[in-house]
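Participant: Next come the chains, spelled out residue by residue.
Protein chains: 2
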Amino acid sequence: MDTLVADSHSTKTQLAQIQPDRGVEAPACAESLVHLDNVRQVQPEVLSTPKAQRMAEFFSALSDPHRLKLLSALAQQELCVCDLAAAVKMGESAVSHQLRVLRSQRLVKYRRQGRNVYYGLADNHIATLYREVADHLDEG
Amino acid sequence: MDTLVADSHSTKTQLAQIQPDRGVEAPACAESLVHLDNVRQVQPEVLSTPKAQRMAEFFSALSDPHRLKLLSALAQQELCVCDLAAAVKMGESAVSHQLRVLRSQRLVKYRRQGRNVYYGLADNHIATLYREVADHLDEG
DNA sequence: TTACCGTCTGAATACCTGTTCAAATATGGG
DNA sequence: CCCATATTTGAACAGGTATTCAGACGGTAA
Chain A
327 MDTLVADSHS TKTQLAQIQP DRGVEAPACA ESLVHLDNVR QVQPEVLSTP KAQRMAEFFS
387 ALSDPHRLKL LSALAQQELC VCDLAAAVKM GESAVSHQLR VLRSQRLVKY RRQGRNVYYG
447 LADNHIATLY REVADHLDEG
Chain B
327 MDTLVADSHS TKTQLAQIQP DRGVEAPACA ESLVHLDNVR QVQPEVLSTP KAQRMAEFFS
387 ALSDPHRLKL LSALAQQELC VCDLAAAVKM GESAVSHQLR VLRSQRLVKY RRQGRNVYYG
447 LADNHIATLY REVADHLDEG
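Residue numbers (the working numbering), protein chains in the order written: chain A, 327 to 466; chain B, 327 to 466.
Hints may contain errors.
Each pair may be met inside one copy or between any two copies, as identical chains are not told apart.
[Said to hold, decoys possible] Restricting the straight-line Cα-Cα distance to at most 25 Å, the calculated cross-link-like pairs of lysine to any residue (SDA-like) are: (1) K415 <-> Y444; (2) K415 <-> V443; (3) K415 <-> S386; (4) K377 <-> L455; (5) K435 <-> A460; (6) K377 <-> Q402; (7) K435 <-> Q369.
I should point out that these hints are in silico values taken from the structure, not numbers from a laboratory. These numbers come from a predicted model, not from an experiment.
Please take these sequences and the hints and turn them into a complete structure.
Facilitator: What follows is the structure, given as structure tokens:
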């Protein structure tokens, strides 16, 4: 009757491959038996693509050791680019590139003073988040 | 007297380029004037390289939209791989690969039941962290 | 056992990310 | 104005990452 092939004593349902966001046409053959009721229950709560992307970009900004070092330095006090470079032992250009990433996610704020640009943590949330994850990792 | 070139009314100090972890020999010429006292103050508090890497790997596991979708689904209930694939609309192989990443950071736990493997969030911390970041992003 | 289903793995490809070098921009001083 | 300093930017290269396909593994049922 319908295109779903459900066996009688279970809620498993054969589902054609779904490949929606991408330009791939779905092949007619099915891949696996899914528990349709579970999927239906969960699916509306799944993070939307735009939100997932925004969140991923945020975490992505935190997913580099050098950037985390920069943040840990800035958690102490405001610093200009060349000081940061010395503190984390990176080239100044590299630091500038990384600060750009941190800026794009509003993890840091900055102000110009003379020829120097001083950076600092944008938000107390950041320090909190940082500490939470550090603790979490120390636990395990 | 010493190799440092400090001007009289400031704490700025010329520093040879420091390039320690990598096999690059430092050029004799300096790059920038740093505020040596600031650097000295901050440097010991900078995240150590191993810790920074461990933390970066953790965030890295959270830095992909598909993985975040998987986690948001698992925040609802335990699901097997094929259900997850249907819920987030990915191929099952891709899901398996991503679950491997989540497993490697202990973000999910799993158990086998018959032919299915059921995944769930490893920890309440994860859900908390997830919600904090979601809220933080909604604020801005 | 044989056949099958669900999941995992490995290799290949395409994409994204970080570093470096060189050069541009911006500020301040002589 | 011209020069030196501080930071940013862009291009090029190297290394890492995600998806796909094909096949392997493990468990189940006939």
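Participant: For each hint, tell me whether it holds in the structure or not.
Facilitator: Tested hints:
1. Proximity of K415 to Y444 under the C-alpha cut-off of 25 Å is restricted to the intra-copy arrangement: shortest distance 17 Å within a copy versus 44 Å between copies.
2. Proximity of K415 and V443 under a CA criterion of 25 Å is satisfied intra-copy only: 18 Å inside one chain copy versus 45 Å between copies.
3. For a Cα distance limit of 25 Å, the shortest separation of K415 from S386 qualifies both inside one copy, at 22 Å, and across copies, at 22 Å.
4. Taking the closest pair of Cα atoms, K377 and L455 come within 25 Å of each other both inside a single copy (19 Å) and across two copies (15 Å).
5. Taking the closest pair of Cα atoms, K435 and A460 come within 25 Å of each other both inside a single copy (22 Å) and across two copies (20 Å).
6. In this homomeric assembly, K377 and Q402 come within 25 Å of each other (Cα to Cα) only across copies, at 17 Å, whereas the closest approach inside a single copy is 31 Å.
7. Only between protomers do K435 and Q369 lie at most 25 Å apart by alpha-carbon distance; the minimum there is 20 Å, versus 38 Å within a single protomer.
This entry satisfies every hint, going by the numbered hints stated previously.
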